[in-house]
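Now for the letters of each chain:
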Amino acid sequence: MLNYNLPINVTKDYSEINFSTVDPVLKINLRGKNREFITKIGKILSIIPPTDPNISSGNENLNILWLSPDEWLLYSNDKIDPVNLHAYLNNDVLEEKLYNEISLAKLGSITNVSDHWVMINLKGKNIFELLTAGCPFNFNKFKNTKGAVTQTLLNHIDVIIHNKDINDLNIFVRRSFSEHLFLWMNDTAARI
Amino acid sequence: MFLINCPYCGERDQSEFSAGGEAHIVRPKQPTELSDDQWAEFLFMRKNIKGVQFERWNHIHGCRKWFNMVRDTSNDKIHTVYKMGEKPPIK
Amino acid sequence: MSEKLRITNNKFIDQTSRISFKFDGKKLYGFKGDTLASALLANNIHLVGRSFKYHRPRGIMTCGSEEPNAIVQVGNDPSMTEPNTRATEIELYEGLEASSQNCWPSVNFDIGAVNNFFSPILPAAFYYKTFMWPGNFWKVYEYFIRKSAGLGKSPTKPDGDIYDHKYLHCDVLVIGGGISGIMAAKTAAKNNLDTVLIEDKNTLGGTTLFQQNECFKINNSYSNEWLMKEIQSLSSLKNLKIKTRTSLAAYHSYNYLLARENLTDHLDIDQKKGKIRQRLWKIRAKKVIIATGAMERPLIFNNNDRPGIILSSSIKKYIDFYGVKCGQKISLFTNNDSAYETAISLSKSGVNVNSVVDIRDKTNSLIVKQAEKLGIKIHWKSTVVNTNGYKKINSIEIIKLSDDGTSVIGKKINEKCDCLGISGGWTPRVHLFTQSGGKLKFRDKDNIFIPDKSDLDQLSIGSCNGDFELDDVINNSVNSTNKFLNVNNNDYENLKIISSKEINKKNIWLLPSDKPLGKTKPFLDFQNDSTAKDIKLALREGFKSIEHVKRYTTTGMATDQGKLSNMHALGIIAETAGVKMGELGTTTFRPPYTPLTFGAIVGRNVGEFFDIKRRTPIHEWHVENKAKFENVGQWKRAWYYPKGNENMHEAVQRESKAARDSVGILDASTLGKIDIQGTDASEFLNRVYTNAWSKLEIGKCRYGLMLNEDGMVYDDGVTTRLGENHYIMTTTTGGAANVLSKLEDYLQTEWPELDVYLTSVTDHYATVSVCGPNSKKIVSKVIPNLDLSDDKFKHMSFKNALINNIKCRVMRISFTGELSYEINVQSSYGKSVWEKCFEAGKEFGITPYGTETMHLLRAEKGFIITGQDTDGTMTPVDLQMDWIISKKKYDFIGKRSLYRSDTIREDRKQLVGLLTDDPKEVLEEGAQIVADINKKPVEMLGHVTSSYFSPNLNKSIALAVVKNGKKLKGKKMLVPMKNKNINVTITDTIFLDKENRRLNA
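Protein chains in written order, with the numbering used here: chain B, 1 to 192; chain Y, 10001 to 10091; chain S, 20001 to 21001.
Calculated from the structure, these hints are not laboratory results.
Remember, predicted model here, so these are calculated numbers, not experimental data.
Just so you know, even glycine gets a beta-carbon here, dropped at the ideal spot from N, CA and C.
Hints are supplied without guarantee of correctness; some may be wrong.
To be verified - Subject to a maximum C-alpha distance of 25 Å in a straight line, what follows is the list of computed DSS-like cross-link-like pairs (lysine-lysine):
1) Lys-20972(S) with Lys-10077(Y)
2) Lys-20695(S) with Lys-106(B)
3) Lys-20166(S) with Lys-20272(S)
What the hints assert, rightly or not - Counterexamples of contact, computed for chain B against chain Y with all Cβ distances above 12 Å:
4) Asn-5
5) Glu-60
6) Asn-77
7) Asn-100
8) Cys-135
9) Val-149
10) Asn-167
11) Leu-183
To be verified - Facing chain S, a subset of chain Y residues (Cβ under 7 Å, in silico):
12) Phe-10002
13) Leu-10003
14) Gly-10010
15) Asp-10036
16) Trp-10039
17) Arg-10046
18) Trp-10066
19) Val-10070
20) Val-10081
21) Glu-10086
Only chain B is shown next, with the shape it has when bound in the complex (with noise of 0.2 Å):
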């Protein structure tokens, strides 16, 4: 049996911030041009890919993320029960599905990024006053916009933000930054 092992894998309370990792969470890049890919994932997924910008569709168990006029991140909602975590990465249907009716259908790419991206779940009426300590978004309209989406820098590291709900994001970061990255977060966190 292999383990699998997480970069970061603590939850730390600090004055109305909490942080906690979410992991594993499946996470799928998708990409494509036209409309048949749009409904095509439509039709898979039953959530349509966002056309528009910096914002997101989904349902309860999946989300869809606008990353560009032909790029979304698709991320699942839920930790994956550890033991079923095996069979799930390895026999992913949706993830089969995906590639077959999609990259092989020549209708766009599909790529597993699972384990390129580290999910960190940021909670707390304070979350907004760390972002702004190392990320030059206006975060003004987005913390108050339930499923916006942002790509921009945190701390000088590439960081996708995805706000679900007030005062509780998710933000994602390349897994070689993600200790870095957690680091700064902490000591920022602390002296807020």
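With the hints as your guide, set chains Y and S onto chain B.
This is chains Y and S only, laid out in the frame that chain B set:
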């Protein structure tokens, strides 16, 4: 620090972008048929204008899309941005 | 003493909370709310520093950020001490220790003061002129000059304080919390605009806060009382954020501004610890309102720099706000009405005002009449021609002015005093406006530059816009703010305002004297010690441009950036050169407005946050196994794994030998990986690599070389065909981001017709490379179901496999020339797969090796590393890799450049091997290669790019680039080093296993 209106994502801080030099230099379709001088013209020669300049920018830390920008280099004023493949506005 | 100088009737200073502090080692007392300057003045300490060049005694001159003289060193802890801080801006706290600068051994007895007597031979640019010759003597001069000059001491240890940065986005930013800023902020916030008001002092209110004078009333209240109510009303505004102790440092284009907030500088020593000291705000505002006020100008006359000579408005603030008398017998000298406000305040507080010397003809404005009513004596149409007193002023000399103001007439009057207030009119603080690119215009009637045009969404209001009188300030600010914000706030309609109006204006930049200019010292720039004489000298010597005069005389180049001196310099230049000031223009105003600490500039980007650290999924294992790490780009890569007391050389020799003799294991997770899909994927690869890709079978891998359009090698790596329209490309570790960005560029801009999608998967996969003759045995133990036989799993091919039900991709590729397998598994299982391989390899003595051994092994095989053996000037032909350039392909990136006249030159630098005659001698990378050391100048033919001692060949090997190297094979060359010349022979680049037998061993 500019505030750049990405044609896809909207207004963002300059730190999310990278500049890619002069716009509308088309890569020759048949490079092998060009003389050294003609190829050098494509490869090396760039304008460096004090005034209105057409530039390529990439929203590298955002949607990763390239786009064009009309910028006045004398006062850094960005007149407009437009997508790749779109016609440049007339000067 | 201090009791006599402090008035008790004061509402701004809490006289119940006494604070002790030290100045120049002496224990003194002040109150909460004092600045260091006000506390020193209350202790009758005026002399606080020595001037830069002549070491003349200098005293506190202002009460704000424009202070040129009272710059002090704060603290004496080697990590926390801070030089060049303005005593007028330091809030007093318990435990403050400050000392004078630029004096030795003490401010009261300063050896450098001897310069003052030599001043006739120390004119402008004296140092430039004198110490130019003989050139190499500068070393000697410099020692003495540096010792006697200098501005404070730098800390010698790292700063122990914490600083940080924060971004702020708002609709309206109001800079300056004086009367106009307060009204503007209130207007904006009341109209639902997200508003931020910043103020560099600890309280809002500006100078109106303490303006309690019959001549300035609003709706029958004193102006200060009216303003207090306005300030109180701000707290109910939800959209308004107020930041005090926050100084706007820089105003850039696109309304991007930097402001420094002081968070702990005012706290008592024991309360500072563990808190953020200063925060740099990075502000992006839709609209900016500048309400930064104005600065009072000094007057330029002989000996105008003595301690005790203070700007008149500062004397007013010291008495009205801090409750401190700057003297007991104060004289005032002015060219405008504002000195009368000071005279009235002093008189009401019981300070003896000797007289007001006014260069104007008698005038009858409201405020002058009030002063006369109080019995204050006025010398109309007179000037001060000299002051006396060495460490403190003790008298002034007054003479009548001629009608045209160019000379003095009559008899000198000597007036005893212990303080002289001077007022030369007002200069709007247009610094931020001009920093932002705004253009100024000159207003002749009062000789000021005011904001004219700006491309940004901004507005200047109040005295920084040239409105100096209360009714103008209020009415114009209200009107222009409403218009600028497109709102209609009627709070300030129909206010009944009483304001004294200045009737008579007169300005003389350099006041006439009873002595010739050469015998006087009329100081312009107090901090840099430049006088009106210096300016005139520069003009005589032919300098015309204001920017040149500034640099030649150093006027305006001290830490105060000439806040007080620049206008006078301009005025004197204009007058002397006979041009109009408006045409002369100003010098450039550059950020920061006041000096910033380095700490605030770098914020938290220090120590562990100085640079980003990327870690591989197997990083923890390397740490546990005592690897030494190397920085590759932002990655931390295992460099080598020393055993016991091994040094790097010993470890690398052992690791290299193990990989060739048995088996080694390398973490290759850092290589860039790009998932390529789309119906045109093969065509795309054809265009970006030099070799052909269409015929690559599914399941096969191929090495590719990527060029820039100029034909130079850019990156390389192995790409694998996973499916008909699906590839995975690997790039170099350092090149990953740039390669992806370059490929996206071509796809989006040059070839949008191609159906290709690129997705970075660098971090999704961990890559475990098992290398050496025993590698097959290990992989077969870890993945028993995989057929590893040579005919089923050939070199340069890949297989999908399962390790304990986890999917992985196994590539049989080699960067070392040995039989090797690279196992790619999703990152979270990387460490586990690594450990499994390690466990399986124990019986073969599996040896983890790092980047250094990897580099050595590939050098034995003559494989290049882009970026080490190439430097952006090497074509594939230069690298002797002609075989990788497809002859059949019509085009690929860089193809046309491969036969430009320059790239086909035969004598280009080309990659070769080097063997030292002495096999034990290892060359230094970067060392030069020459053919003939005796021919001068010695021709450098090239340099060593990679060099190692090969344990497998038992000799030193190197790669190098050498001019015309291909044709020089077998030729002897020299590598000249500091103490010897090393003899080398040019060879082939492959040192080991030319036949590639080991790949299938």
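Hint check, failures only: 1, 8, 9, 14, 17, 19, 20 and 21
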